[in-house]
Structure formats: C-alpha cells, structure tokens
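Trainee: Protein chains in written order, with this note's numbering: chain A, 16 to 365; chain B, 281 to 1345.
Calculated from the structure, these hints are not laboratory results. Misleading hints may appear alongside valid ones.
Stated by the list, open to error - Footprint (simulated), chain A over chain B, 3 or more residues, beta carbon under 8 angstroms:
(1) 322–335
(2) 496–507
Stated by the list, open to error - Think about it this way: if two alpha-carbon atoms lie no more than 25 angstroms apart in a straight line, the pair counts; the simulated PhoX-like pairs of lysine-lysine are:
(3) A:Lys-18 <-> B:Lys-762
(4) A:Lys-18 <-> B:Lys-763
(5) B:Lys-763 <-> A:Lys-17
(6) B:Lys-288 <-> B:Lys-362
None of the values given here were measured: they were computed from a predicted structure. Just so it is clear, CB atoms sit at the ideal spot from N, CA and C, and this is done for glycine as well.
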Amino acid sequence: MKKAYLVLENGTVWEGTAFGAETDSIGELVFTTGMNGYIETLTDESYYGQIVMQTFPLIGNYGIIPADFEGNCSVKAYVVREWCRHPSNFRAEETVDRFLKQKGIPGISGIDTRAITKLIREQGVMNAAICHTLPADLAAIRQYKITRAVEAVTAKAPYTLPAEKERFRVTLIDYGAKHNILRELIRRGCTVTVVPAETTAEQILAAKPDGVMLSNGPGDPADNSAQIAQIAKLCGKVPIFGICLGHQLLALALGAKTEKLKYGHRGSNQPVKETATGRTYISSQNHGYAVVSETIRNGRLSFINANDGTCEGIDYPEQNAFSVQFHPEAAAGPHDTAFLFDQFVSRMEG
Amino acid sequence: MPLNKQIKKVMVIGSGPIVIGQAAEFDYAGAQACRVLKEAGVNVVLVNSNPATIMTDKALADEIYLEPLTEETVKRILLKEKPDSLLAGLGGQTGLTIAMQLDKDGFLAQNGIRLIGTNAEAIDKAEDRRLFKETMQSIGEPTIPSDIANDVKTALDKAEQIGYPVIVRPAFTLGGAGGGVAYNAEELEGIAKTGLDASPITQILVEKYIFGWKEIEFETMRDDAGNVIAVCSMENFDPVGVHTGDSIVVAPALTLSDKEYQMLRSASLHIISALGIVGGCNCQFALNPESFEYAVIEVNPRVSRSSALASKATGYPIAKITTKIALGYTLDEIPNDITGKTCACFEPALDYVVVKFPKWPFDKFAGASRALGTQMKATGEVMAIAESFEEGLMKAVRGAEIGLDTLNAAPLDDLPVSERLAMADDRRLFTVFEALKSGISPEEIARITKIDLFFLYKLQNLADYENRISCGMTEALYQEGKKLGYPDEALKRLSGAGDLPGMDASYNMVDTCGAEFDAVTPYFYSTHGRICEARAFPRSGKPVIMVLGSGPIRIGQGIEFDYSSVHCVWTLKSMGYDVVIVNNNPETVSTDYDTADRLYFEPLTPEDVMNIIKVEKPVGVVVAFGGQTAIKLTKFLDQNGVSILGTSAEGIDLAEDRERFDALLERFSIKRPKGAGVNTLKEALCAAEMLGYPVLLRPSYVIGGQNMKIVHDAKEVRMYMERILAQGIDNPVLVDKYMAGKELEVDVISDGQDVLIPGIMQHIERAGVHSGDSIAVYPPYSIDEGMTRHIVECSEKLALALGTKGLVNIQYLIYQDELYVIEVNPRASRTIPYISKVTDIPMVDVASRVMTGQTLREIGCGTGLHPIPPYYAVKAPVFSFEKLTDVNAYLGPEMKSTGEVLGIGKTREEALFKAMTAAGMTLRSPHGGEEAGVFISVDTHDQAEVLPLAQKFAALGFRLYATEETAGTIRGGGLSVREVAGIRESDHAFDLLESGEISVILYTGALMDSTVEDYIALHRKALLLSIPCFTSLDTANALADCVQSRYTQQNTELVNINALEKTAR
C-alpha cells in the first residue's frame, strides 16, 4: 500500500493511501454528501477541474457499472475514507480502483473525510493537491483555477439521438450534459440534437426545434459570456428549459447575477420548495454557484432551497422559459422532480 | 399548514407490555409524542397498561390510565375523558388495532372523536392482506405473486404466469408439510400433486420463490400536504426469510447502486402517497440480487421498531415529527433540531455505518429451537455506529452481551461447519466467520447462505487480519486492528502480545447531514480519527456525571432500567450537573439525543466506557440504574480510580459475595435459607438430607440459569447431579433449603443515615417462581403488623450495613412465621417504576439526589415505611410464548416473562382482575353465562392442596376435569370430577380443549425432563385456543378469587394515576 498526501491550499496535509492512477493532481476540492451514486458522481462532467470527496465512508461497494455513466470522468482526483476491493452487484464490471487507473485519475483513501468536510464548510471551497511526495511549497496549488471548463467538456460536434416515437425535436446545448437529461427527454418522445456549447442562436433556430434544453455543466457561469449572449437571442423564440449551469446562464442572459456559494450544494438530499404550490421536494444537487434571487429580472422565483433560501428555480412566463438549479434528471439521486420534464413537454405542446 | 387549533385534547394509546416484536421502541415513540403534544398546549390522555414506561410518567401526560388495553376499557376512558382526537400510530400494533376497532364499529364517529395522523382507510389498505395486495396492484407496485390452485393443471398454469421458481404451500397443513420448491414445470407436477394430497381441502398456494433475495427497508414520512421523504434505508445482512427483527441490519443500505436504491425509494414514496399516509411509515421490499425485479413485502403505516432504529441511526426523530404532522404541521415547517438551521423536510445524509444486532432469549430457553424464520424471536437489540462495517459489527457484537468480543464463538454442536452454514439461526454470523477462518471461500458461503458477497468479504477482512496477528503484533497492525473494531483484550488474546500501546478513541457527531451543516446536539460515536468532536464540544463548566445505561432489552433486564436511567439523568440535570449517558440500545428513551446533555452511543464494556471517561472526566459514574450491565462494570471502574456514585464498589461486593453476605446476616441475626456448596453426587445427597427436602439446586455462576431446579427426593437429586456433572463443573453446585413460603419484595432508599421504604410487595406465588414471573401485590395482603415491622427493621439494618447510598432491593421469604432474606440487590430493581407510580414517591429522583450527597431529611419525602395509599396495585407478568412456541413455559426459578402490566383498584381482587385482563389472562367463566370447565393435573407433592382449590372452582360453577391421581383426590373430597387420560396416553385432554369444554388449565408436575415435552405440547395447544394455562396453584387460586369477585371490564373504577386519592388507608 502506497502512501499519498492530500495537501490543502491552507497548508494542512492529510496522509492516506494511494489508489487509482499513480499521478499527482491539483484541483478544487469539493465534497458531496450522496450516500450512493458514486458512479454517476465520477462521470458527472460538472465536476470538471474538481477533486471530489465523498462524505459517505464506504465507496465502490457495487463496483463500476458502465451503463450508469453520466458522461466522461472529468474529476481531477477522488478522495474517500475506504474503497471496496470486492464489490458485489450483478452489473458490476470492475472496481473503482481499476476504473480510476484506466482514466489516469489518482485517488486517496484512509482520509478523515469528515474533518476535511468541516474545514471546507467553515473556510469555504479551496484548492488541493493529491501527491505522492510532499510539495516544496503551495504556490502551484494556490494558483490553480478552473478555466474554460465548458469548452473542455462540451460535445465536439453535433449529434442526434432519435426518440422511438418522435413527438418533438429538442436541441440540447451541451455544457457538459448528464446523459440522463437525454434519456428523460427521449423517454418522453423528444428527438434530441446535442450541439456544442459554441453553437450560435441562429444555427439553433435554423433547425426549428420545438424546444431548447440548456444543460448542466462545470465552472463559473459568468465565464461563459459568448454562450450567455446566444441564449439571450433564443429567449422568447422557443420554449427553453435550463438545468444547473443552464439555469445560471439563462438567468445571466436575462439580466440576473450569480455568486459563488461558500461550499455549494452537492448531494442527494436537498429540499427545494415550489413557491406556487408550497410543496417541497427532495432533489439532487451539484453546484458551487447560485443565482442571486434579488437580481432576477423578467422572471419569478419558482423554487427556493428550504434550508438556506437560495434560488433553486426561475420561471420566465414572457419568454416561455424556465429553469432549475437542481437536477430533475437525478442520477444520482431522487427522481422526485422528474415531472419538470413533463412540464417542458407541455410547453412545447403549446 | 400550521398547528390545527381544533385539536385540544388527544388520547394516546400505548403499546402495553413488552413482548417479542413490541418492545421499548414504543415507549420511545410514545414519550416523544406526549412531549410534542404537551408542548403544543394539547391536553393529553394516555392509556397504557405497562407501568415500566416513561410515557406513563406523571409529567408526560395530563391524565394517565394504567388500564387494560382492550377495546372495552378504552371506550370507557374515551367516554369519561371526552377527547376530541385519537392518536393511534405510536402504540405499535396494539394501539393501532384498538383504534381501528373503535373506528370500524362507529364508536369514534358517534362520539365526535377524530383519528389524527394516518386515517383508518389508509391503515386498512396497508394492514388488510387482500386490500393491500389489491392496492399495490392498482398502483403498479409488485407484491410477491401467488395464486391458489385446486388441481395440478391449474398449478402449472399459475406457475407459468408467476414465473419459476415457485414454492408450493398446501392449505391447512401444519408447518407447511407437503410443500416444496419447483424450478420448472416437470418438478412442479410432482410437488403440486404431493401438496394437493397433503391438504385436507385439496388446495395449494403457488407462490413465487424469492429465496436469496435481498431484504431492504425504507423509513418514510408524508405530511398532509403531500410532501414525502425517505428518512433512511436499511439492508438486512440475511436475505429474505429471516424476520427483520431477527436479522443483523445495516443502515444505510450498502450494496445498492443508485439505480436500485432510487427504484425502491421511489416505490416507497409512491406507496405512501397512494395510501395517503400522514406521518411515518415503514416499507419493506425484497430485491432480486440478479436483476431489477422487486416485490413489496410489507407496509407498516405507523412508527415501528425499524423507525426507532432509523431515528437513532440518522438523528431524525420520526415519532416526534409524526406527531407534529398529526397536529397539522407540514414537514417544511418543522425545524431540524440537530442543526437548528435546516428543516425536517430533507433526507439525512450519513457519514458512518450503522449496524444493528438482535438480542435473543435462547440463553433462557435451553432446548428451544434457535432457527430463525418469519416469526421474530429476539427480545431486543443493540446498535453500533462506526466508520466501517467491520468496526460497527464488532461494536454491536460485543455490546450485545453474549460473552463475545470478537466473532470467534464455539459452535453449539459438533456438526461440520459446512452443514451448520445452511442453518439460519442466531449463531449464523459466527458460523460464517468460522467457515471463513477454516478456508471456505466467500463465494461458497454466499452460495449456501445467500448472504451478499459484500458482507462476506468484509468478514473475510476480519478473518485475514486475525490470521496475520496470530504471528505477532506490530504497531501498524495494532492501528489496523483498532480501526477494525477490536478491543485491546481481544487483540492480546488473538496475537499473544503481552502489552499493547493503547489508543484513545476520538468521537464524531451524528449530525443528519454528513457535516454539511454545524450540529448543535452532542450525539457521539467513537472513531479513530485525529480530530475529536467530543473533546472540542463546548462545555458548560458544570460538574459532569456519567450515567451507564442497561444495554439491550432481554428477559430479566427490560425497559424498567431505561426508565430508571432516564429519570436519573433528568434529576441530575435539574440539579445542575452536566449529564452524559452511555448506552447502545436504539429502542430507548435514554438514547434519545435530547435526554442527557451528551449521548455516547457505545457498547457498555470496560474499554469503551473508559475511553469516554477519558474525554468526559466525570466527577462520578452512576451504575445503579443500568441493571446488571452497568453493575458488572463497577469493579473495573473502581480499580481504575473512577468514582462510583451511590453505593460503593465495596458495598456492592458485600451484597454480591455469598460468604461476605452470609457473615453480615449472621451479625444481625437475620436468617437466610440454609445451604451448601457441593462438588459430588455424594455431597449433594448428604447436603439435601441434612437440609431436608425439597431443596433448590443450581450451579454457582449461573449462565442463563436454566439449570435451577427444585427437587423433592434423592432420586431427583441424583438425576440432576448426574446431568450437571456430565457437563463438567468448575464451581460448586449450590444446594439450598427450599421453603414454599410467602415471597415479598422491598425497594429501599437510604442515604446512609436514614432509610425510606416506599413500599412492600407480596407475591401471589410462593417462593420457587422467579420474582419477575410472579404476580406482585402492593401493599401486602396477608402480612400482620408485627411481621411488617420486622421487615422494615431488617431492611433498615441491611441497607445501612451495606453502606447503601441510593436504592437497594431486598427479597424476603416468610416460612412458618419466620422471615428469611433470599437476595439483596444494591441497585435499582424491576419494580421501581411501578412503586414510584402508585406511591407518589419518585424513587429514582430521590435516589439520585441521595447519591450526590443530599439527605432524605433534606429531600423531605419522609423516612421509614411510607403510608399506604387507598389502592391496591398488582403487577402481572406477560410472556411471549406465542412467539416462542416450542419452549418450556413452566414457571420456575428462572425468569421467562418479557414484560409486565399493572392493575390498580380499590380492592386486591379489582386490581388483580385488571392486571390479569391486561395480561390477556381472560377466561370464559360461568358468570358470563357460559359453560366452563377447569382441567387440573397436579404433581404428587401438590395433591394435599388441590382439594380446596377444586372446591372453589366447583362452587363458581366450573365443571372439574382431572388426570387420574388428581381426580382421585378431588373425588375423595366428595366432588364430582371427570377423569381425563394422561396427555402421554391419549389425545383426550386435547379433544376437550378443542371442543371448548375446558376453559382453564392448572398443571403442575412438568419438572421432570421426561414429562416436559408433554407440558410443552399441552401449553402450545392451550395457547392456540387462548385458554389460560397455569403452573402454580397460587395463580389458579388468585384467578378463582378474581372470578368470584365478579369484576368485569364494565364495573371497575377507571383510575387516573395523576389524580390518585391520597388519603392513607
């Protein structure tokens, strides 16, 4: 068993055991509280540039199941208390360790993940490195910044996934989309054309889609000024549904502002309250930024976080657009808000 | 929706006595409910026949009725109290069933009482088998498919629809004889034919065979607005087939991928939404490990044992939130106490693993089948919280108090391990571990047991580790061992290391959110991290006192001890101490996160407790309220310089060491039954001869104590000694003079100067029946003033001589007008809650104050014998023989009851009637205009006494039935009696039971090993027909008195213990 270190930008060092690929890596350290769904987490491209730490101590129990992948594995490194050497599931193909080795991603285990989670909770998200020898100084770690995240994970060229019985055609702008968004749309009779993030509004409208889906994705939403401008041009011309980063970009396009949260919402247990009905739903979340509620223009808050009151969804009736900060497509997490896809479909029905 | 202002007065129905399947968890749930209701300003009327509960405490409800939990009595209380609402979902199945009866016969509607929480229709849909199946079908949730067939062809067709494999269950055959599993049509043809032949009505049930499927549970909540959450998932270590109460359970589910998890979570929420549940609900599923196929096994529309476990496992108080929802609140309006910032409409995220381990009563029932199946057998459970499954399991096993601190347990028989693996019994975990250590592969074990490989490989980790350290210990290995959960003593033993470096534990907090938010409730579990949240937790600066709890509920150590522990905590808190509690029982109030100032959910073993002491540095530790679990730590703590509050370790030893205690009695000229220790048959016979028959024989250091026996002659001594000696003994066998006298019990409080005796209890049964199994009457009914004075004097002398500071329980025997001491226990006893409730002396409160230095005079509750109130209070035992059908139910020196009920009345008979009714000992009697008969079969020794009893029953209009010898005696007294052939010889007695001619049985004489099976068979039959069966003449006599007194459930006085008349008799 090889030693490895987790070095935080504030200088604290945690010694653990290496697993996964034997390389060093620097990233932004975030924690997720989901108790299962590590496969979906590892393959969620919204984690691009980030070192993901699991607060649940036993990871890899049911191995790696490729059918459950949400995209490519874009995490910078993986931090766990314990990984499972003998996974057990009828669909399991390999261990987390082998998967990370294939992807060239380092992992560290035997770490007091709870202590580090509390550190992040108190001091905010910070950069960190996983290394096999201690670095001479923290300069490289401190300088690290996630840049051009969307560019890195978006589709390189458009492609179309047909619905079995096509009722609508949806263009999905891929900022790092989770596959389950596509599955949910296709299941509802939508043929989905996935287009790269840099696609222009004119190109999209030329194909005359029934609706446009703005996907989730990584990074600071404000970094995507080109995409925001294109979204602004789409508004009002076609029904739009935004999820996570897509939600933030839509808000920015319509004049609102976003801010970085101290340590974000990442997990499968976040309560969101629907303002129109008063119903509260348990949602899956993965975001470090949020729309500042007070800055919303042309729209009204449709969902708020029942814990901290932050913006979880906006409805723009004039634009026939709506968006949510959480993940109705789940994977991992609860499917309780999947009805939002139905709402998108009804909007396309007119 | 905020609080429903129309709810002003609510009746809460408790769950009654502790029985297998319904234990302390309902006191935890009920106590939470009462507190929530009172906080909301609602007037609370409580009914519960169980006096040992915290919920029946004066402060927790406004009107409290310790009355029988029957529909009749509850109706009378409702009419008297006129509440506007009834809360039914917190009193287990008992409470729910009564509420449903009241609803069904229109009583609630007629009296304008509404059922709050889940409504009757929804409860019905979940509880009624047919409705449940239909409802699940209508919402598309799969149940285990099954269908009825009356011929082979239909069976084949049905099987085709259901899908193979199928199990065939013939209708109306005992134990499913004639059934079997078919994997294809060819096999089914044969099996169906055999099954149809075996069934008296030529009918079989063809059911999908789901052997080896995983068993998964979800604890869910729904409010009236339709918000739904899944609080916690749980996974059984054992596959489907073993009752979840008898299975090792982990939380959260550990082997499910997100797809499987979400599928079952969504199904749970779908089900509770469709049923319209309002409050907590438990959903159980079977999941095919080879596909996404699943089936709903059961839905419990109420709080349950699983919800108590889930509450403790997550920090989410399900019963409390359920009550708030019943009052009208929605989940998003209710704050999460643990964080103080977030709301109750969320799903807890755990960053640890929880392991539950059952506590079984097999030590009390030697010879009983240890096989586990769909009928629960465990009396209680322990829970452990840890960073890994291995550590959690190790903590749970050593906390279960089964004499183990690792998974290495000697097998109970000499069958090869490969054969034992196939048996689902209480030893299975240890058999699996033994198999792994012997080199059998996890895959092979999984094939036989269907236990998931995930768990088996974790056990393999432990086996591998033990193999590695058997060659010697290193620092690194030691660290690893501690993380796997091994205590130092076990590591020394396994590695042969003389000395170990030692490692302090650090503690993490259970915070519902995986550290995402700051937690404000100090609820801790031990880990080995470098950061200790317990040490970092802000302290008030007040002196710290640590209270040790009583561990899992078991026969002999039940909920009474939790009652005492909790009261001690409350008193000490009110006195300005910072109180820490240590316990590992998830069912209890003591392990509620807001009972003490800090809660440590840890096993009660020397090392675990010492680790906490290092953090908390208490000024004193209280051992007196945690039963034997806490008392047995006294010596260790004392030797380690920890100050014991209350009676000193020295005083405790003085009472427990036989020789020292004898010397003490001698000094005060107090008698105790004469006795001797013997090692050989000759010595035993000699001692018995000298003492005079009958004598009580028992091994010293009784483990399980099943070998305690009253013998009447040399032949019986010989048989007993031969059997005991054959097993080989390390310690002498004790031979005591057995005196069939009156048995009395006294709970005493002393501050070292003065002595307070709240009450003396007299047992209905003469000595020979364990005090926990006897009916106890307070105050005594046949003791004269002189003897009472003598008892008071003796009690005072003993309490002072032992240096008692706090409680002491003394058991006496009166034989031929002489007083003898049988036993002295320098700690809280089983009877504390009962006596506290009827005498108005808060005994634990007083004792706790005394322990911290206050005097009885300062407290002002008087000294000497407390005045007797104008009521009788009768405690009756309750057994769980319905669940343990093959055990010997004959009452003797070894305790067998799992719970108790109380009856309060103006006369002894009225109290007795209520207690017997509450305990379910009702019978058809001639008073009801029914034909009734009593069947008497007594031992030769009892013939002399049987006649007056027979006369009493005959006078009451009972027909008499008796076996040969007894019939002779009765006939000799001039009574007409019908002779019944011995059970061994014919089915005559069974036929009479079935035909309804016999309505009560008195049977003594099952003391011989050769006849015990007869009694078990008779008792089982009686149980099936709900015919009471007594094994003591005294109990039968009391019952006759009861019948004679003509009390019914309509004419007793309903006693509100919060408004007891105070005038002394």
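Trainee: What hints, given by number in increasing order, does this structure fail?
Mentor: Structure breaks hint 1 only.
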